[in-house]
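Next come the chains, spelled out residue by residue.
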Amino acid sequence: MSVKKVLGAAALAVALTACSSGGSGGAGTPQGEKSFSVGVTTYFLSHLTPGRSVASNVDYALFTPLTTVDATSGKAVNAVAESIETDDNVTWTVKIKPGWTFHNGEQVTAQSFADSWNATAYAPNAFENNFMFAPFKGYAELNPADGKPSEKTLSGVEVVDPATLKITLTKPLSLLPYVLAQTAFAPMPKAAFADLPGFDRKPIGNGPYQLDGEGLAAGVTKVALRKFGGYQGQAGDADRIEVKSYQDEAASYRDLQAGALDVSLVTGNNLTDAAARFKDRLVRVPFPAVIYLGFPLWDKRFSDVKVRQAFAHAIDRETIVKSLLRGFGQPATGLAGASVPGGGAADCAACSYDPAKAKALLAEAGGWSGPLKLWTYQDPVNTVVLEAVGNQLRANLGIETVTTQTQPVDQLYPNLAAKKIDGPVLLYMGAGYPHLYALADQLFTKTSASNVTGYDSPEFAKLMADAAKAGQEEAMGLTQRAAKLAMDGLPLTPLFQPVGGLAYSTRVSGVKPEFLGAAVLSAVKVG
Amino acid sequence: MASSTLASASAEAPPAARPGLLAKLRRRPAFAISSAIALVVCAMAAVPQAFAGWFGGGDPRKCDLVNSGLPPAPGHPFGFDIQGCDLYSNVVYGARSSVLIALLVTAGMIVVAVVLGSLAGYFRGWVDAVISRVMDVFFGFPALVGMIVLLQAASTHNEWTVSAVLILFGWPVLARVMRGSVLETATGEYVAAARGVGAGTARILLRHVLPNALGPVAVLTGLNVGGVIASESALTFLGVGLQTPAISWGVQLNTAQQYFVTSPHLLIFPSIFLTVTVLSFVLLGDSLRDAFDPRLRQEVARP
Amino acid sequence: MTRLESLPGYDAAAPLLAVSELRVRFGATTVVDGVGYEVDGGQTLAVLGESGSGKSVTARAIMGLVRPPRGAVTAGSARLRGVDLLTLAEEERRRLRGTTIAMVFQDALSALNPVLSVGYQIAELFRAHQGLSRKEAARRAVEVLDLVRIPSAARRARDYPHQFSGGMRQRVGIGLAIALNPQVIIADEPTTALDVTVQAQIIRLLGELQREHGTALVLITHDMGVVADIADRVAVMYAGRVVEQGAAAEVYARPAHPYTEALLGAIPRPELRGRRLAVIPGAPPDPGRPEPGCRFRPRCGYAGDACGQQPPAREIGPGRLTACHEWERVTTP
Amino acid sequence: MGKYALHRLLMALPVLLGTTFLIYLAVYALPGDPIQALAGPNRALSPSVEQALRERFHLDDPLLVQYGSYLKGLLSGDLGMSFAGRPVSEVIAASWPVTFQLGVTAWLFMTVLGVLLGTVAGLRRGRLADALVLGGTTVVMGVPFFVVAYVAQIVLGVNLGWLPVSGTDAGWPLAYVMPGLVLALYGLPQVARLTRTSVLDNLNADHVDTATAKGLRPRAVVVRHVLRNSLIPVVSLLGVSLGYLLSGTVLIEGIFNLPGLGYQIFTAIPQHDGPVVVGVGTLLVLVFLLVNLLVDLLYGILDPRIRLG
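Sequence lines, in order, name chains A, B, C and D.
Counting from 1, one number per residue, gives the positions in the first sequence under UniProt numbering.
Counting from 1, one number per residue, gives the positions in the second sequence under UniProt numbering.
Counting from 1, one number per residue, gives the positions in the third sequence under UniProt numbering.
Counting from 1, one number per residue, gives the positions in the fourth sequence under UniProt numbering.
Rather than coming from a laboratory, the hints here were simulated on the basis of the structure.
Please note that a few of the clues may not be correct.
[What the hints assert, rightly or not] Quick look at which bits of chain B chain A covers, simulated, 3 or more residues with Cβ under 8 Å:
no., stretch
1, 53–66
2, 89–102
3, 194–206
[Stated by the list, open to error] Think about it this way: if two alpha-carbon atoms lie no more than 30 Å apart in a straight line, the pair counts; the simulated BS3-like pairs of lysine-lysine are:
no., chain 1, residue 1, chain 2, residue 2
4, A, 137, A, 190
5, B, 62, A, 359
6, A, 446, B, 62
7, A, 357, B, 62
8, A, 469, B, 62
9, A, 137, A, 75
Computed from a predicted model, the values in this text were never measured in an experiment.
The C-beta atom is built at its ideal place from N, Cα and C for all residues, glycine as well.
Just chain A, with the same shape it has in the complex (with noise of 0.2 Å):
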């Protein structure tokens, strides 16, 4: 062996690697054809299968659920249903329009729903999204506690006829038709089930986009969608989309500014880049979420309300987020901003700014004694937050030893359900859907695996099933004067409504953001 064929051996191969993906990348698009490129983060790509999605604008290009939650109104319309009907909000009755398809040509009908939702309510599927169908009758016979599940298929899902579906639930659930627009409520095809992790890589869905190429697979970044001609719905304006993913919004926001990219959300401190450098091309996104500060009431320290509601008067709210935040965000009033239907009521009393009252509402509980210790899990923006809060109760407080801790999520979590933090701890919560209720719900329900406070309010619970029983407009109240009650036991204070943004390049427009804040990708035109 000598040197030279050595040396030979390596250039031949990079001139091999250079040639091999020299052809993938820059493939022309033809003359005349409409496209952009947006960029997503990698969770937006992680699953395709409707029981495995993230409900992202990836998974709302590729699917049409029965009913979608309009962005201006914040109500639940049809899309796939024709109608939903109910009398007690416990037996559903869905009619489904005629002439919708899969990209392969399928009817969709109510057996393609029926489908889709057993199998991801089955437990050995192991489908994340499982946990959504517990509120569906038969949910139980599915995903026993152990062993294995002695039915297949849901008792609450009925097929009555192609187009009628018919949905039992266990108890009153009258958000149902905003439960139902989330795309782990999407229909799957026939072809689908013989090949379930083939079909999670390249799905056919019945959107208004079909995949191309390839699909998704390991190590991939980029996908294709392309328009699909049968589409019933609103049609998406370009014909082809390229998705990139990346591993945080500032990766894509850089290629947005380099011009890689048509269209990007922007979080953290890029928005005050973004805000300057793109202008009138930046949409500011509410996102449908709140970042709270959550007490651990099994702590006797926290026990006392009063001591809670010094915390929640010594936080300078309005400052964090014009100081720390740049201004993108909203200082809480209360629970849910307006963003959220049903939210944007100011029922937070302790929300206000008020480092003396703080004080005094601390002494009269005792004073506090010893060192302090806030939590969080491991996200830069949380991580700052926590500590300006922790140098707010330090100095509005007079607590000397104030320390932060962060961990990994999947250490936080266990930890808080075992009830093993000690302290105060910074978290997020997006509502599962957009209304009130599911933010209420997984905050405050006993039951709720998100209600990390060990909250447990029989009155909130009353007042909640309530809301389940009524009709649209009294649920709504009913809702509100329960988030009420919650916050005045302040298991927890909010923060502030997390605000980010959506930037685009001067070819496209009309870009606006779907619920989870991500655009829209049939809305954005090209051009």
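Chains B, C and D: place on chain A using the hints.
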């Protein structure tokens, strides 16, 4: 016929005493500058309060969010960090964890490397085989990946855990050099002589082998200090090292990366301090090595 | 070879190699301080002195190996038949190296490139100076190895320096020097690194080659015993100066400098067996801190008041020089 | 030499085995719940799905049983399934070309630039070029790489628009120039400095005097007798520095959005995705060992004094 030579005839007189190492070092400007900087950094670490107050600020914890991310202003030469604290005093206090970690890691690595390196080099045979293979594992394994895994696993992130991880992945380089030099020394004639007069293993190791084998390791460790400080900041930057409210350059840089575009001074000032510190330690190590043992250049090249 | 004649200052009557008033500085230290010696074709000049006396530096200066930043030749001349090497253009000088004047180094192991075969290293000479093809040069290299009595030269030409024994390696070193048949060979302690028995062989080989080609040989050594047999003339150096010079037999028989005398006392001789060797008390002066007067004074048994002055080189016989105020006392038995 | 190579390969086996076990142990020992990591911060899996996942990935088995079945799979060529439900072999197949191209690019930059700068500095010792190289490389050693990466992205990518900011769209070499350069900065100072000292050592070596005394042209002396000898120790550094490069891909691929092995391993760690971490990690170690074996063989060819075996 044993031909005597002039050299042997006059060799009794020692060659005009080796010019003092210190004198030799002092003549190098790189040494003078780098050791001065290193001393200042160490002083900062020991008594930050003496430096922090120079411009009127002084308390790194005195923060006002209103000033969040503001650029340099009178009395605040480096501006304010994102929490509205005086950045200058924070950067000064940041020296502490860097220096502490550098000390801990250096000490730890020397201990581990000396123990394992001597065992392998002195006893050879299977002891050497096992220790050498373990070293191979650590050499081949992408150290950064290993460190991330372990630090993810650690439930606390302070100077001690970060140091422990850095030691774990840093010792093999030193141990290999130690092993080599013990191997060389242990075959030396005076060791054979010591063994000949019946000295015990422990005595031979401690009295004869170690003192002679330690030199290269000590110098190499000196070279390493800059790298340790840089590694700490890299780990912290990745979010697995130190965490707020710890004050460290890595933490400051980690926070600053999000604000790089709008508040570049948050990145620039800690970077300058970090760079200058690492540089001074690297240069210091360089000069020490050149002065003490030019032979080591080869060893460093072939760890 | 004919090149020398076309160079400025050529004088067929001048000695083959004449060094005069050569000064070399390393940094601020003058390590060669006005050295001069001459040697003609067919002659062997032994340059004697202990390590650090400047004998090797003088040789390297003649070869043009003393260059900034390490050191510089500050004065003097080194003439080949009248052509001053030191003022010659570098390219002209390069053409003379190897062809007209060549050098054998002290330690052949370090003087040979460890990663090139010895054949290649000798062949380089033919390629550089005679423009031979790679193949032809290789053939000639084998001839050279044969000439320096390396057994199975053709095979060994492909070997690397570390594969040779010390003596064989020095033969290769000599081969490098004689390959192009130069007129002057400077051998810098060619036997120091070798076993005693091998030393004699190497010296004998050098002597034979010199006689065959009528070369001028400058043999640098600190070992008087080695050169006693083959040297025609001797120059003794001490602390950067030549302290005594003359025909070998004369110098050996009647040293005219206390240092030479002491050196001779340091040669073990069969008739002195059983007695202690003479040892020169004290250490050579530190060239970095020169003291006024005779450099040897601190170690000299003859030192008198005059020795406070630098002794000039005085001619005390035909071709016989000494730099000692008290030389007459030294020569008087 | 063949025997030596075989011996080295055999020695690599226990090292590889040890590596897989250590990685497995580390991933196993990670506190926190892999299932929670899978679900993300805002989603709670139902207990039944959790149970199904635990069974699917054998999360409830003791460490040795898990490791045993992993090894069993490994022997039959099965690297296991990632948590995302894709075969690890597929993950590796998809990612290695990216890492390979990145690694080769960075290696080329490091070698060519490092040797060039080191040689110039060595030959021009004490002059401006030397000072510039020495100063430049020390600064590079001190500046945190991520600062370099961000600045490069903003300046070269966003402001000047010369190079793509991230991703592999532009293909080799364009997409790999910036990340390759940043990655090369890891080892570049060492290579340049070693080349410089090595050139200096050789310039002062006796055999260079011999070559000069032979009357060779100055260029021949420098090329054949100084550079050739100087590069030998550099070759061995190139092997060792591959370790740094592979480590560095973990960071660089993240920052530059390159879906390579380092990126996979970096995202797999917080997910507790043992099969991916072990598979990719072991592959990286294997590559390191093989390249170093090659380097040592090459060393033996370049330097006849080294006897392998």
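- Enumerated hints in conflict with the structure, sorted upward: 2, 3, 6 and 8
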